[in-house]
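Whenever a hint applies, use it, and build me the whole structure from the sequences.
Listed here are the chains, written in short residue letters.
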Amino acid sequence: MFDKKKLNFWRLAFIFTGFTLLVLVYLWNSPQEPKSKMMGESMGNMMKQMHVTNMTIYDLLTSEREKQASMSEMHSHHQNQSPIIFKLNFLTTSIIFLLLPFIIGGAIILAIVWIKIV
Amino acid sequence: MNVRFDFIMHWLWAIVWALLALSGFGMVGAKHGWLVNFNYATADFVHRLSAAVFVVLTFVSIAYEVFRNIKKDTKNLAWFVIGRSGYQLFTFITTLILIITGALIWICSEFNMSAVGFALLIHEYISYIALASVIWHIYKKCHALLSLKKPEAKLQKG
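Keeping their order, the protein sequence lines are chains A and B.
Using my numbering, the first residue of the first sequence is number -17, and each one after it goes up by one.
Using my numbering, the first residue of the second sequence is number 57, and each one after it goes up by one.
Errors might be hidden in some of the hints.
Stated by the list, open to error - Within a straight-line C-alpha distance of at most 25 Å, the following computed DMTMM-like cross-link-like pairs (lysine to aspartate or glutamate) qualify:
{"#": "1", "chain 1": "A", "residue 1": "LYS(-12)", "chain 2": "B", "residue 2": "ASP100"}
{"#": "2", "chain 1": "A", "residue 1": "LYS69", "chain 2": "B", "residue 2": "ASP100"}
{"#": "3", "chain 1": "A", "residue 1": "LYS30", "chain 2": "B", "residue 2": "ASP62"}
To be verified - Label-pair distances were calculated between CB atoms; the ranges are:
{"#": "4", "chain 1": "A", "residue 1": "TRP10", "chain 2": "B", "residue 2": "ASP100", "range": "23 to 29 Å"}
{"#": "5", "chain 1": "B", "residue 1": "ILE64", "chain 2": "A", "residue 2": "TRP10", "range": "36 to 42 Å"}
{"#": "6", "chain 1": "B", "residue 1": "LEU201", "chain 2": "A", "residue 2": "SER64", "range": "38 to 44 Å"}
{"#": "7", "chain 1": "B", "residue 1": "LYS128", "chain 2": "A", "residue 2": "GLY0", "range": "47 to 53 Å"}
What the hints assert, rightly or not - One side of the interface only, derived from the structure: several residues of chain A facing chain B at Cβ under 10 Å:
{"#": "8", "residue": "LYS(-14)"}
{"#": "9", "residue": "ILE(-3)"}
{"#": "10", "residue": "THR(-1)"}
{"#": "11", "residue": "VAL34"}
{"#": "12", "residue": "THR38"}
{"#": "13", "residue": "THR44"}
{"#": "14", "residue": "ILE67"}
{"#": "15", "residue": "LEU70"}
{"#": "16", "residue": "ASN71"}
{"#": "17", "residue": "LEU73"}
{"#": "18", "residue": "ILE78"}
{"#": "19", "residue": "LEU82"}
{"#": "20", "residue": "PHE84"}
{"#": "21", "residue": "ILE86"}
{"#": "22", "residue": "ILE97"}
None of these hints come from the bench; they were simulated from the model.
Glycine residues also receive a C-beta, built at the ideal position from the N, C-alpha and C atoms.
Here you go:
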């Protein structure tokens, strides 16, 4: 039988289905078939084919110097094009990389404490 | 009005997670581009900005939980996003994996595409698992909102 307690879930599912249908109707003329085989793949699978297949642990831990040079060139170009986005990128990058060690440290502490409690 | 910290964190987390999911799944591949109207630049921008907020929320949650353990506070926080069992533990683990792989994608794209490919693959597949689990979580816990409405109804009657 229909569970009245789950009514909110079905309402939400109904609203999301409506949104999805509306977006799909709005994009009626957009290309539905991917132009090439590669475009049909997800980003993860694409990366798997291009970089992860035949990858070694050495590849994971070494840097590509040529790539680094071309990226710094790209950064200076972006900085001139849109300074606000570049500043926001700097801010978000700083937040993430400053907090990351604390998150990992906190997670290790919690894991030890939780294991002790169990 | 008595609004609990865990309740606020839960819904802040839910909003940021929804933004991350929409922008992230929109960028997964050309097939899903319709989610963001094929505007990948905006999706990328929203995803990076939301990711920073998500990291801050995770940091606050972990710090709060560590602080609670120091004070030996054993009170059950039903709405809190992380915890030592059940769906709270699942959220904690998936969040850590998503943040670490996300950070690797963020920084390694500058110098190591092998690491980016490896991290992106994990990031994507964990996201699928997390999305499925969120739908299951909403189905299982949707009655919690009904129990929030009841005291208000009683007050109005009284």
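Checked hints:
1. LYS(-12)/A - ASP100/B: Violated, at about 35 Å.
2. LYS69/A - ASP100/B: 15 Å, holds
3. LYS30/A - ASP62/B: Judged against 25 Å, a Cα distance of about 39 Å means the pair is violated.
4. TRP10/A - ASP100/B: 23 to 29 Å: With a Cβ separation near 25 Å, TRP10/A and ASP100/B satisfy 23 to 29 Å, so the hint holds.
5. ILE64/B - TRP10/A: 36 to 42 Å: 41 Å, holds
6. LEU201/B - SER64/A: 38 to 44 Å: 41 Å, holds
7. LYS128/B - GLY0/A: 47 to 53 Å: With Cβ atoms ~48 Å apart, the hint holds.
8. LYS(-14): 9 Å, holds
9. ILE(-3): Cβ of ILE(-3)/A sits 12 Å from chain B, so the hint is violated.
10. THR(-1): 13 Å, violated
11. VAL34: Holds - the Cβ of VAL34/A comes within 10 Å of chain B, reaching about 4 Å at its closest.
12. THR38: Holds, because the Cβ-Cβ distance from THR38/A to chain B comes to roughly 8 Å (cut-off 10 Å).
13. THR44: 7 Å, holds
14. ILE67: It holds, given that the least Cβ distance between ILE67/A and chain B is near 7 Å, below 10 Å.
15. LEU70: OK, holds: LEU70/A within 10 Å of chain B, min 7 Å.
16. ASN71: This interface hint holds because 7 Å falls under the 10 Å limit.
17. LEU73: 7 Å, holds
18. ILE78: 5 Å, holds
19. LEU82: Holds, because the Cβ-Cβ distance from LEU82/A to chain B comes to roughly 6 Å (cut-off 10 Å).
20. PHE84: Hint on PHE84/A: holds, closest Cβ of chain B at ~6 Å, below 10 Å.
21. ILE86: 8 Å, holds
22. ILE97: Constraint on ILE97/A satisfied, holds at 9 Å.
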